[in-house]
Every structure is written in structure tokens, then in C-alpha cells.
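J.: Make the full structure from the sequences, and use the hints.
First residue of the sequence shown: 83, per our numbering; consecutive thereafter.
Simulated from the structure, these hints should not be mistaken for lab results.
Among the hints, a few may not be true.
[Claimed, not checked] If you anchor each label on the Cβ, the simulated ranges turn out as follows: (1) 241 / 114: 33 to 39 angstroms; (2) 239 / 103: 26 to 32 angstroms; (3) 252 / 133: 25 to 31 angstroms; (4) 167 / 274: 32 to 38 angstroms; (5) 234 / 284: 20 to 26 angstroms; (6) 116 / 217: 18 to 24 angstroms; (7) 139 / 97: 35 to 41 angstroms.
Heads up, the beta-carbon is just placed ideally off N, CA and C, and yes, glycines get one too.
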Amino acid sequence: MATETIVLVHGLWMNGLDMLVMRQRLARAGYRTRQFSYHTLRDSPLESALLLHHFAADQDAPALHFVCHSLGGLIIRHLFHEFPQQPPGRVVTLGTPHQPSSAARQLAHAAPGRALLGRSTEQGLLGEVPPWHSDHELGSIAGDLRLGFGLLVPGIPRPNDGTVAVEETRLQGMTDHAVVHASHFGMLFSRETVRLVDRFLKTGNF
Numbered sequence: 083m084a085t086e087t088i089v090l091v092h093g094l095w096m097n098g099l100d101m102l103v104m105r106q107r108l109a110r111a112g113y114r115t116r117q118f119s120y121h122t123l124r125d126s127p128l129e130s131a132l133l134l135h136h137f138a139a140d141q142d143a144p145a146l147h148f149v150c151h152s153l154g155g156l157i158i159r160h161l162f163h164e165f166p167q168q169p170p171g172r173v174v175t176l177g178t179p180h181q182p183s184s185a186a187r188q189l190a191h192a193a194p195g196r197a198l199l200g201r202s203t204e205q206g207l208l209g210e211v212p213p214w215h216s217d218h219e220l221g222s223i224a225g226d227l228r229l230g231f232g233l234l235v236p237g238i239p240r241p242n243d244g245t246v247a248v249e250e251t252r253l254q255g256m257t258d259h260a261v262v263h264a265s266h267f268g269m270l271f272s273r274e275t276v277r278l279v280d281r282f283l284k285t286g287n288f
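T.: Here is the structure:
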């Protein structure tokens with residue numbers, strides 16, 4: 083019998099290596115894992131979603147799940163909006179700012195910050211992302227350990243994971259929401275995060 087497959091989608095400024103530990107732990111939990119990598123600054127979230135569509139279409143599995151960190155969760159929303167007929171499976175987003183990102187908004191005020199964000203703000207981190215109308219269940223995990231790059235950016239509402247506010251990770255239409263005591267980057271190395279991801283992919287709830 084074929085194994086359920088998880089496609090992992092990384093976040094801003096990353097290339098997928100940051101999700102290696104999580105990928106290995108999910109593999110030990112019995113999943114086949116595949117890492118999707120994209121150019122976070124050069125391509126818009128919509129353009130990355132088109133590439134992800136072709137990547138996902140090449141997977142052969144009875145269930146195809148998506149586990150997405152940060153910006154990756156916004157790419158998934160574009161994917162399901164443009165290509166709603168997806169195989170059976172569930173979606174988990176980790177630290178994804180489903181609401182406009184206060185950190186990105188602060189950075190976008192100045193030219194150096196806009197350069198750091200690239201095209202991730204186009205129907206992405208600053209909003210205007212397609213709503214979630216899919217029948218696929220989506221679970222959102224937030225972090226509440228205020229540590230990381232976002233400490234240099236003022237105005238992020240508390241509680242937050244150092245980059246994304248907990249309230250920004252909520253999405254109309256999501257199935258469930260959970261908070262782990264981890265930072266934005268640290269949640270990728272958290273065993274509790276993996277436990278919650280595994281539970282959601284199996285049951286549809288955290």
C-alpha cells in the first residue's frame with residue numbers, strides 16, 4: 083500500500099534545509115516526505131503556487147498533505163484558490179501570517195526593508211491573499227516564544243513568536259488552531275509541533 087505523502091513548503095529567505103529535522107521526524111512517523119523549494123524574493127506567492135502545483139501533481143500517493151512554514155502557508159492558499167481540485171489530504175500551516183503581517187508592514191516603510199521582502203508582499207505578506215474556501219481541513223499552529231529577527235521590528239502585537247503575532251495566524255475557514263511555546267524558527271525543531279502536525283493529519287484536529 084502506498085504511503086501518505088507530505089509536501090513541505092518553507093518560508094521567507096529559506097530553501098527547505100531549515101525543515102530537514104521536521105521532515106526526518108515526520109518520515110519516522112510513517113509519512114513519505116517531499117520538500118518543495120522556491121525563490122522567496124524573486125517570485126510572488128502566486129507564481130510559486132503555480133510551480134508548487136506542478137510539483138504536487140508529480141506525487142503519487144493515496145493522500146497528499148501540505149505542511150507549510152510562514153510564507154509557505156500563503157502559497158498554499160494561492161494553490162488551492164487556483165487549483166481547487168486537489169487530492170485527499172490536509173493542510174497545516176506553521177507561523178503563517180494569515181492576516182497582513184505587522185512585521186512586513188513595518189519593513190515595507192523603507193527601501194532596505196522592501197528589498198529584504200522582495201516580491202513576497204505581492205498578494206502575500208501585506209495581505210490580499212485569496213480566502214480559504216477549500217473543503218480540505220486546515221490547521222494553523224502559532225508560536226508564543228518572543229525570540230528572533232522580529233525583535234528588531236517594532237509594533238508586532240503580543241503574544242507573538244518573535245516575528246508573527248498569534249492573532250495573525252488565525253484564518254476564517256480554518257478547522258483548528260494551536261499554540262506551541264516556540265519561536266518562529268524554533269517551531270521547526272519542536273517535537274510538540276511535530277506531534278500536533280501528525281495528530282492533525284491523522285484526525286483533522288489538534
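J.: Per the hint of 33 to 39 angstroms, is the separation of the Cβ atoms of residue 241 and residue 114 within bounds?
T.: Once the Cβ atoms are compared, 35 angstroms apart, the range 33 to 39 angstroms for residue 114 and residue 241 holds.
J.: Using the Cβ atoms, figure out if residue 252 sits within 25 to 31 angstroms of residue 133.
T.: holds (27 angstroms)
J.: Holds or violated: 26 to 32 angstroms for the Cβ distance of residue 239 and residue 103?
T.: holds (29 angstroms)
J.: Given a hinted range of 18 to 24 angstroms, is it respected by the beta-carbon distance of residue 116 and residue 217?
T.: With Cβ atoms ~23 angstroms apart, the hint holds.
J.: Is the gap between the beta carbons of residue 167 and residue 274 within 32 to 38 angstroms?
T.: holds (33 angstroms)
J.: Within 35 to 41 angstroms or not, the Cβ separation of residue 139 and residue 97?
T.: Because 22 angstroms falls outside the window, the suggested range is violated.
J.: Does 20 to 26 angstroms hold as the CB distance between residue 234 and residue 284, or does it fail?
T.: 38 angstroms Cβ-Cβ, so the 20 to 26 angstroms window is violated.
Checked against the numbered hints above, the structure violates hints 5 and 7; every other hint is satisfied.
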